[in-house]
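Same order as they appear, the protein sequences are chains A and B.
Following the working numbering, the numbering of the first sequence begins with 2 at its first residue and continues without gaps.
Following the working numbering, the numbering of the second sequence begins with 329 at its first residue and continues without gaps.
Quick caveat, the hints were computed from the structure, so don't treat them as lab data.
Do not rely on the hints blindly, as some may be mistaken.
[To be verified] Derived pair list, reagent style DSS-like, types lysine-lysine, alpha-carbon separation capped at 25 Å:
(1) 271/A / 9/A
(2) 703/B / 132/A
(3) 271/A / 237/A
(4) 712/B / 132/A
(5) 536/B / 574/B
(6) 283/A / 237/A
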Amino acid sequence: MSTGIRDKVAIIGMGCSQFGERWDVGSDELMVEAFVEALGDAGITRDEIDAAWFGVSCDPINVGNSSVPLAVALRLPNIPVTRVENMCATGTEALRGAAYAVASGACDIALALGVEKLKDTGYGGLPVRTKGLFNDLWMPYGSAPGTFAQLAGAYAAAHDMPMADVKRAMAHVSWKSHENGVKSPKAHLRKAVSMETILNAPMIAEPLGLFDCCGVSDGAACAIVTTPEIARSMGKNSPVTIKSLQISVSNGQESSYNEWDGSYVVNTRKASGRAYAEAGIKDPRRELSLIEVHDCFSVTEMVTMEDLGISSPGKAPRDILDGFYDADGKIPCQIDGGLKCFGHPIGASGLRMAYEMYLQLQDRAGERQRADVRFGLTHNLGGTPINNVACVGIFGRLGD
Amino acid sequence: MSQDVGIVAYGAYVPQLRLRRSAIVAANSWVNPGLKAQGKGERAFASWDEDAVTMAVEAARDALGEFPRGGISGVVFASTTAPFADRLNAGIVAGALGLGDDVTAFDVSGSMRAGTSALIAGLGLAATSEGAVVVAAGERRRSKPGSAQELGNGDAGAALVLGRENILARVVARYSVTRDFVDHFRAAGEAYDYGWEERWVREEGYLKLVPEAVRGVLAKAQLSARDISTLVLPSPLAKIEQAVAKKLGIAESAIVDGLSAQLGYSGAAHGLVMLAGALEKARPGERILVVNFANGCDALILEATPAIADFAPRRGLSGWLAVGKPVDDYMRFLSYNGEVGMEWGARAEFGNKYALTMEYRFSRDMLGFIGGRDKATRVVQFPKTPLAVAPGAAADRVASYEDVPLANLRARVIACTADWLTYHPSPPFYFGLVQFDNGARVQMEFVDVAAGSVAIGATVEMLFRIKEIDNVRHYRHYFWKATPVAGGAAQQLEAAQ
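Just chain A, same shape as in the assembly:
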């Protein structure tokens, strides 16, 4: 019987680069920027790191294959380094690797670092992939907004809700995140945007307009993890610990078996259910203090509120419009501005979300700081609503 990793792994240092259109730097500089901050925060030396997990997703325009690029950029002393890739969940996947290594006793101190340099393509949006897989024989391959846009229509149909109401809730999601992003110095987009502007933006993939889509940016984020015992021996008496890191992956039933109605994300439900069990959360709506979810598109965030079991089925739009997830609401969602304002350097995003929780749990979040933060949840969703990888992480303080 597995016992999970609750409180078996402490985060002793984190770093996050400035996110944005980093025309000035490449992946190496971004990695070093996040790493230097994390190392200083942890108060350790590079030689104390036993192993590293490196998350990067889009290799054709980034650093290329293997873990060598991380080891070279950080000049790691020939330790084991593992490269992971799991679409938009890549950053959380890197953290999971490092955390599991510590929890297993294989390592004392492990590093997780995610990076993505998206702004070297010469165009907006995510890089266009080279075709030629088996699926390309038959599967239509649209853009990321195109795949997520389909959630909106299916959600409206499943709940018999006018699309105008769904659009308004989606617009509130983006409006709220832009309000929050103003207070995030490391965010890419730091400008409030009116509901009217959001609702009247150019169409990207129906019904998603420009402001329903997150930014595309460059960035890196990094975590250094160890055991609670070692953390305490370093003087960190009440360290931030990982309560759970769960991941759920599609097996093709959503796309090929006639059950799913297209209005929710199966894996977010499964991953969050397992995460709550591992973390000992019984009632997420009452127990969670803060959440950072995968708001690649406003509709994704809206649907995720139900998939995480915080809003009841069909009630996410109501909760959103009631301000339940606003900065001053019951459970702020994207208190740092989310993907909407940070953009989504794929390998980095999961770790960036954890970074915000790490700061909030230590009262270090500056203007964004919420009182009494006890449990923070992060959520990553890679792929499309139909075939995806969902990660849910829960963070708190040791013993909580």
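Please build the complex by placing chain B on the supplied structure of chain A, with the hints as guidance.
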């Protein structure tokens, strides 16, 4: 003439897009004010993802309906604009129709006579085959902007099924004249025709070689011109049918309309297109004279049987003509035909190389849109996978499937969008998830979509189309796309808007 083989089914296909000729004239009359006289009506044009093969496939599906595929022994494909100069185009047609591996298939080309050449070859093939033979023609001709061909041509497909049972029209006689009369030509590798003076083509070509062939076929059939009730004479030349009929003494009432009002002249396919239309209206006993002029002339006399009254194609030429969508989108027409290079942006720059090894491994199911019913769980899925998708399917052994063809089934839309970000030659890219009643569920592209016509719950049917074109290696990969059913909920939705 083998009397025991005849036409047992017929069908046609016309792309939905119809360009108003007035739009062509408006764009080009600065070069040639004389075009203004030709600005009436519409011409059909293929979408970016249609070609001679896909149009021939749709026409063959129109003809075949539920005709058992196992009863087909051969496929003859006719075109002068086949997508491949060396790759059996008829083989693609056979795959898309879901035919068995034991069919005889070949391509016929070479002139505007290719449609009737294929019919003649098909009759011969059918006479020596056990099963039926599909003769399918498609044509998508390029034309220079501002040319008479651009105004006069149209894209289309047509198909005949030849066999021994339930003959709708038997072949009474045929006769051909071959003469190297070059009214126009297109050199190998060239995109456009070069033509000679129309007056010479009329007088020395149509008015001499056509009568020679018609007299020949009438003599063989021991019939006179007055016995002909229907004259199918495809031509890019206006009113040439009247002149020929008059010269031969064929009644003017016999002349089949050349379809210039809605379609245009579809080259090598046009004779079969017109014939498919004539057969829709034919009554038992009527004699149809098909005359196809090009470097000589083919002439065939057909006679409708009583069975003609009991047959209807799935939609037929009249049905396809009726679902046209007239547009003034001249630039779209030029772009689809490669006459202008639009600014597609950097997102259009991606590798699109198909591994022929991989394509071959799945070619039967992909070309034919064939799913599988897992023998253990009885659940239908597409594509077939080593382990079946159904919950509860065995994990300890490779699944075994029965074929379930999906191409002729309708489905319902579960999720959809119009994607303006992704590169697509005809933006926006409509795609989503469709559900078949038998349980199969497939992510699909939607085509021939009017704004708002793809909606959740809409009924769709399947069309054989080009999925991707590799512009570096000039390869094209075909697959099936879904289109809102005409007259269905989707169209009503559009009307409501």
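Here is how each hint holds up against the structure:
1. Proximity of residue 271/A to residue 9/A is assessed by CA-CA distance (about 22 Å); at most 25 Å being required, the pair is judged to hold.
2. Straight-line distance between C-alpha atoms of residue 703/B and residue 132/A comes to about 32 Å, which puts the hinted pair past the 25 Å bound.
3. Simply put, residue 271/A and residue 237/A have alpha-carbon atoms about 33 Å apart, too far for the 25 Å limit, and the pair is violated.
4. With a C-alpha separation of about 21 Å, the suggested pair residue 712/B and residue 132/A falls inside the 25 Å cut-off, and the hint holds.
5. For a cut-off of 25 Å, the pair hint linking residue 536/B to residue 574/B stands: about 13 Å separates their Cα positions.
6. A C-alpha spacing of about 28 Å is found between residue 283/A and residue 237/A, which places the hinted pair above 25 Å, so the restraint is violated.
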